[in-house]
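Asks: Here's the letter readout for the chains.
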Amino acid sequence: MEPLLAAMPAVRPPEGHVHFKNKLLWTVAVLILYFLLTNVQVFGLSADSSDWLGMYRAILAGASGSIVHLGIGPIVTASIVLQLLNGADLLGINTREPRGQVMYMGLQKLLILVMIVLEAAPNVIGGFLQPDANIALTLFGGSLATVSFLIFLQLCIGGLIIFLMDEVVTKWGVGSGVGLFIVAGVSQGLINGFLNWAAVQDAYPVGFFPRLFAIIADGANLMEYFSLDILALITTVFIFGLVVYAESTRIEIPLAHATVRGARGRFPVKLIYASVLPMILVRVLQANWQMFGLFLNNIGITFLGKFEGQTPVNGIMYVTAPINSPNDWMWWLTDLGHPVWEVLLRMGIDLIVMVVGGAIFALFWVKTAGLDSSHVARQIQRSGMSIPGYRRNEQVLERYLDRYIPRVTVIGGVAVGVLSVLANYLGVIGAVGGTGLLLTVSIIYRLYEEIANEQIMEMYPFMRSFFGKE
Amino acid sequence: MSKTNIIGMAVKNKGGGMVSSAGLVTYYDSEDKRSLHISPKLVLVFAAAIGIIIAVLNHIF
Chain C
1 MEPLLAAMPA VRPPEGHVHF KNKLLWTVAV LILYFLLTNV QVFGLSADSS
51 DWLGMYRAIL AGASGSIVHL GIGPIVTASI VLQLLNGADL LGINTREPRG
101 QVMYMGLQKL LILVMIVLEA APNVIGGFLQ PDANIALTLF GGSLATVSFL
151 IFLQLCIGGL IIFLMDEVVT KWGVGSGVGL FIVAGVSQGL INGFLNWAAV
201 QDAYPVGFFP RLFAIIADGA NLMEYFSLDI LALITTVFIF GLVVYAESTR
251 IEIPLAHATV RGARGRFPVK LIYASVLPMI LVRVLQANWQ MFGLFLNNIG
301 ITFLGKFEGQ TPVNGIMYVT APINSPNDWM WWLTDLGHPV WEVLLRMGID
351 LIVMVVGGAI FALFWVKTAG LDSSHVARQI QRSGMSIPGY RRNEQVLERY
401 LDRYIPRVTV IGGVAVGVLS VLANYLGVIG AVGGTGLLLT VSIIYRLYEE
451 IANEQIMEMY PFMRSFFGKE
Chain R
1001 MSKTNIIGMA VKNKGGGMVS SAGLVTYYDS EDKRSLHISP KLVLVFAAAI
1051 GIIIAVLNHI F
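Chains as they are written, first to last, in our numbering: chain C, 1 to 470; chain R, 1001 to 1061.
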């Protein structure tokens, strides 16, 4: 397998240092191209297609029905599968040496290509993206299968473009393409949520500002039509502030270099150590459970609860369904068709699943992603640093880190779980969901840190070696 | 930014050249000379060309 994995196509890496201005140019170019592509509709698509990935849009980026319909789904799925397999040592690849890393990257690329095909196929075969009968008639003598194949082909090419653009950003730009596309999608959702002037649920626009003006101009009751929007605005601002605060909250472990006198440093153990990824895993688990219930319902087994369309209406499936917006639980606003205790039970289960699941997955994730005490201890040891006042020894380091990392991980996991559930209970601006918003703020904060580092490197070129580049 | 912080960052980055974006995807810097190298400009041109071709097709039919 090795020759094949090593020969996987890659975007040419830059030779030497890329100036920050050029990095910014590459990033902006990719971003503009990405936005343009989200607006190009797949050729031959019928108007009655539906978005199968609708509930994951905020996380998967892309745009429904466009040639980048798959978004970053294939990249993220392939990467998570590979990280889990590697974390469990099932691959037999040693990622500590360059040869193993080349193999790992090759395998990741191969898996992304496989995932592009695997994720494009159900969209066409499952009838979610339907071929246009007119185009089939005028171009291919009425063969719907040919048009379906063309749609499939466009989805694959779109997936490939996203994959390549991600690599361009990672190598030539600022941050990573995956992060950039998530942020782009959620930001678009936020702007939409603020400015959209189309009326959907009632007589007034759905966007925050148009709605405010329309209600005032009309002289309608602000409390009745605007209270949820105010709540969403407060939640959004609150989440933004809290995540930025939590990102900068850290325990710093002091380090000193063994041979270079005066070279001191700190290893930060951040509160949101495991990032927001564990939340996505819990949400995906919940979604799979709901899909299982829906599947049973569709084949006529309803002891777990009945579904109407894609919404559970009673039984275990109802109380275990996640709450996505205030309309799912604020029983004093609308008639939910359920007694209050059932709604409260559903809220409680959602909270417990997210908090407990968040903590467990965070611990699991830290181990998988190589952020646990033993990995970090090895890294610090290899860099020649040690904790002042302690023997320079990997085991000593590990025991010291063990005092902090597992605890911080659990506290961080629980905190992010509570935050994510709260954001969904209270609703946020635009249809981006609590998890999407959390992810975006977290990515933007890290991007800001990276840009700050870049600027230091531009000002003091000798610092580049400190950052481990060139 | 103070000197201490900078060195703190260096420690983090020395771990085998692993970069992770929001904890979602893992990248390693290591590249093999055998791999097929594509120029970044070509990627952007290719993406734009595909977009334009499909947009034109949509417009015609």
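It is possible that some hints are incorrect.
Unchecked claim - Taking lysine-lysine pairs in the BS3-like style, the calculated list, with each CA pair at most 27 Å apart, reads: (1) C:Lys-306 to C:Lys-367; (2) C:Lys-109 to C:Lys-367; (3) R:Lys-1041 to C:Lys-21; (4) R:Lys-1033 to C:Lys-367; (5) C:Lys-109 to R:Lys-1041.
Quick caveat, the hints were computed from the structure, so don't treat them as lab data.
Asks: Which of the numbered hints are not met once you compare them with the structure shown?
Replies: Of the numbered hints given earlier, those the structure breaks are 1 and 4, listed in rising order.
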